[in-house]
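Just need the whole structure built from these sequences, with the hints factored in.
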Amino acid sequence: MKKHYESEALQLRVNDQRLSSLVKRPGSGVKKYISQSTKDWIVNVTNDNDICLTKSSLKIREGSSQIIECTATGFPDLYVTWRLKNGTILKKSHQSTLSSVKGNGTRLVNLPLELSKIRSDQHGSVYVCEAGLNSTVPHKKATEEVMLEVTMYPNINVSNSVIYTDLGVEEKFNIFVTGYPTPTLKCNDLPVGDGHLLSEKIQGGIWVYPVVFSQITPQHLHEYLCIANNSLGSVIRKLEITVAPAPPIILSSNSSEYADYYLLHWKTTSRAPLKNVTVTVSEVSTNTESGSGPMVPRSPTLFERVFNLEDDKIDPKSTLIKNVTMQSSNPTNSKQIWHHLTNLSSDTRHDISLSVCNAYACTKSSSLKGRPGGLPGRFTFKTPEFDGSNNINPVLLQRSPKDILSFDDETNTMSNGNY
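Letter by letter, the sequence shown follows residues 1 to 419 of UniProt numbering.
The hints are simulated quantities; they were obtained by calculation from the structure and are not laboratory data.
Careful, some of the hints might be misleading.
[Said to hold, decoys possible] Derived DSBU-like pairs (lysine-lysine); straight-line CA-CA distance at most 35 Å:
| id | residue 1 | residue 2 |
| --- | --- | --- |
| 1 | Lys201 | Lys335 |
| 2 | Lys335 | Lys275 |
| 3 | Lys85 | Lys172 |
| 4 | Lys275 | Lys201 |
| 5 | Lys91 | Lys186 |
| 6 | Lys117 | Lys172 |
| 7 | Lys59 | Lys313 |
| 8 | Lys141 | Lys85 |
| 9 | Lys364 | Lys382 |
| 10 | Lys317 | Lys238 |
| 11 | Lys117 | Lys85 |
| 12 | Lys364 | Lys402 |
| 13 | Lys141 | Lys275 |
| 14 | Lys382 | Lys402 |
| 15 | Lys186 | Lys140 |
| 16 | Lys267 | Lys364 |
| 17 | Lys172 | Lys91 |
| 18 | Lys141 | Lys267 |
| 19 | Lys186 | Lys141 |
| 20 | Lys201 | Lys85 |
| 21 | Lys364 | Lys313 |
| 22 | Lys92 | Lys186 |
| 23 | Lys267 | Lys382 |
| 24 | Lys317 | Lys382 |
| 25 | Lys140 | Lys172 |
| 26 | Lys275 | Lys238 |
| 27 | Lys186 | Lys335 |
| 28 | Lys117 | Lys141 |
| 29 | Lys117 | Lys59 |
| 30 | Lys322 | Lys335 |
| 31 | Lys335 | Lys382 |
| 32 | Lys59 | Lys201 |
| 33 | Lys186 | Lys59 |
| 34 | Lys85 | Lys186 |
| 35 | Lys313 | Lys201 |
| 36 | Lys59 | Lys141 |
| 37 | Lys59 | Lys92 |
[To be verified] Computed beta-carbon distance windows for the label pairs:
| id | residue 1 | residue 2 | range |
| --- | --- | --- | --- |
| 38 | Leu232 | Asp315 | 53 to 63 Å |
| 39 | Thr301 | Pro191 | 45 to 55 Å |
| 40 | His196 | Asp166 | 21 to 31 Å |
Bear in mind the structure is a predicted one, so any value in this text is a computation, not a measurement.
No residue lacks a Cβ here, since even glycine has one placed at the ideal position from N, Cα and C.
What follows is the structure, encoded as structure tokens:
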């Protein structure tokens, strides 16, 4: 009986650059060498009884796409499969993927695999190209492996890009840096301590750099620049240290169930004690039609109300202040504040802007939610038309704003986790 021989060859390419190749021929010894080309490396195996497993690493930037190609030859009936190391099949060759058939019947198959929008969590994934013969003759499959090394741009994170502090106090915060290869961090004029590895959940790790000011002085109150750099590039993050309060942000809803009343809810951040807030209200009637029908523009009614925010001067019947704590129960410099806004006009649109002051400076509201096309820094809400029973009960106005929370849509806001 005539002995049957088969031949297999496997080649792995990326962007038409050969990563590795594997050739199997019966009856020869084993030979391994490194090619002279700096872009390829080759492993030749010529022992029919051995399985050669070669590994290579492929660097791919996070978010990019890549095509890796596997080329194999064999006889009599060759197939090629892409799979993950865990066995999950990704792609199989079909008759249409056959590139050519040589005169001796040896077939050549080229099977590309597209890796789209690479994620950081794919780092370390091993893709296996496997070539075998649909033959009754015993043979060993040829395999090649490529391991993904996902690189990531550097990134800088801080809990807040603006540090709201006070003069004469110690100030501490952390800067977090990620990226792969692990980036370096440089900051101008910031007392940044040595970084230490906080977590290895992602490649390159999460590095934390402590910043400590032993005592804040006026010279510390300015902007700072931090730069993180690795082989992919650099990222710049601006930080600011200030004693001014944060721009106030209104949290309450855009409507009121009362025709003459609104429960104002807002927040700010200030380590220095707050002094007061000025609430500016512009009222525009929603009934702008004259008796003859055409629209008649109305001049808005403008008024201001000042609420004291100093601890010993707060009117508990008009203002409520709560310090915000973190999940760890540690206090923060953030505060949430409520006020009674009374004697409002019914069936009216109200535009509100705030200016909050502490011992050093005042800060106006910036981009607040409101009606589309509204003025920057203004928040809009509407009172309903008076129906004879929807004015606020005067008794409630003698109590703290917290006693009205259950009567206002504010309850929904808190239950949704915005409180």
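Each hint, compared with the structure:
Annotation: proposed proximity of Lys201 to Lys335 holds, straight-line Cα distance about 34 Å (limit 35 Å). Taken as a hint, the Lys335 and Lys275 pair is honoured in the structure, with Cα atoms around 13 Å apart against an allowance of 35 Å. Proposed proximity of Lys85 and Lys172 is contradicted: the alpha carbons are some 46 Å apart, above 35 Å. For the given pair, Lys275 sits about 45 Å from Lys201 by alpha-carbon distance, which is inconsistent with the 35 Å threshold.
A distance of roughly 45 Å separates the Cα atoms of Lys91 and Lys186; the hinted pair therefore is violated under the 35 Å criterion. Restraint check: the Cα-Cα separation between Lys117 and Lys172 comes to about 38 Å, which exceeds 35 Å; the hinted pair is violated. This hinted pair does not check out: Lys59 and Lys313 have alpha carbons roughly 63 Å apart, beyond 35 Å. The suggested pairing of Lys141 with Lys85 holds, with an alpha-carbon distance near 15 Å, which does not exceed 35 Å.
Among the hinted pairs, Lys364 with Lys382 is consistent with the structure: their alpha-carbon atoms are about 22 Å apart, no more than 35 Å. A distance of roughly 41 Å separates the Cα atoms of Lys317 and Lys238; the hinted pair therefore is violated under the 35 Å criterion. Pair hint Lys117 plus Lys85 holds up; C-alpha atoms about 20 Å apart against a cutoff of 35 Å. Of the pairs offered as hints, the one joining Lys364 and Lys402 holds, with about 25 Å between alpha carbons and a cut-off of 35 Å not exceeded.
Only pairs whose Cα atoms come within 35 Å are accepted, and Lys141 paired with Lys275 is rejected, the gap being roughly 78 Å. Between Lys382 and Lys402 the alpha-carbon distance is near 21 Å, which keeps this suggested pair within the 35 Å criterion. Straight-line distance between C-alpha atoms of Lys186 and Lys140 comes to about 54 Å, which puts the hinted pair past the 35 Å bound. Using a Cα cut-off of 35 Å, the hinted pair Lys267 and Lys364 holds, with the two alpha carbons roughly 12 Å apart.
With a CA separation close to 53 Å, the supplied pair Lys172 and Lys91 exceeds the 35 Å bound. This hinted pair does not check out: Lys141 and Lys267 have alpha carbons roughly 67 Å apart, beyond 35 Å. Between Lys186 and Lys141 the CA atoms are separated by roughly 52 Å; this puts the pair beyond 35 Å, and the hint is violated. Distance check on the hinted pair: Lys201 and Lys85 sit about 21 Å apart at the alpha-carbon level, within 35 Å; holds.
Annotation: proposed proximity of Lys364 to Lys313 holds, straight-line Cα distance about 22 Å (limit 35 Å). With a C-alpha separation of about 49 Å, the suggested pair Lys92 and Lys186 falls outside the 35 Å cut-off, and the hint is violated. As the CA atoms of Lys267 and Lys382 are separated by approximately 21 Å, the hinted pair is consistent with the 35 Å bound. Taking the CA atoms of Lys317 and Lys382, the gap is about 24 Å. The hint holds against a cut of 35 Å.
Taking the CA atoms of Lys140 and Lys172, the gap is near 62 Å; set against the 35 Å cutoff, the hint is violated. Pair hint Lys275 plus Lys238 holds up; C-alpha atoms about 29 Å apart against a cutoff of 35 Å. The suggested pairing of Lys186 with Lys335 holds, with an alpha-carbon distance near 33 Å, which does not exceed 35 Å. Restraint check for Lys117 and Lys141: the C-alpha separation of about 31 Å stays at or below 35 Å, so the hint holds.
As the CA atoms of Lys117 and Lys59 are separated by approximately 14 Å, the hinted pair is consistent with the 35 Å bound. This hinted pair checks out: Lys322 and Lys335 have alpha carbons roughly 6 Å apart, not beyond 35 Å. Between Lys335 and Lys382, the direct Cα distance comes to roughly 25 Å. Compliance with the 35 Å bound is thereby established for this hinted pair. Distance restraint check for Lys59 and Lys201: the Cα-Cα separation of roughly 19 Å lies within the 35 Å cut-off, and the hinted pair is therefore satisfied.
For the proposed pair Lys186 and Lys59, the alpha carbon gap of about 26 Å is at most 35 Å, so the pair holds. Restraint check for Lys85 and Lys186: not satisfied, since their Cα atoms lie roughly 40 Å apart, outside the 35 Å limit. With a CA separation close to 50 Å, the supplied pair Lys313 and Lys201 exceeds the 35 Å bound. The hinted pair formed by Lys59 and Lys141 meets the criterion: a straight-line CA distance of about 27 Å does not exceed 35 Å.
Of the supplied pair hints, the one linking Lys59 and Lys92 holds, its CA atoms being roughly 24 Å apart against a limit of 35 Å. In this structure the supplied range 53 to 63 Å holds for Leu232 paired with Asp315, their Cβ-Cβ distance being about 56 Å. A hinted range of 45 to 55 Å for the beta carbons of Thr301 and Pro191 is consistent with their spacing of about 52 Å. In this structure the supplied range 21 to 31 Å holds for His196 paired with Asp166, their Cβ-Cβ distance being about 28 Å.
Checked against the numbered hints above, the structure breaks hints 3, 4, 5, 6, 7, 10, 13, 15, 17, 18, 19, 22, 25, 34, 35 and satisfies the rest.
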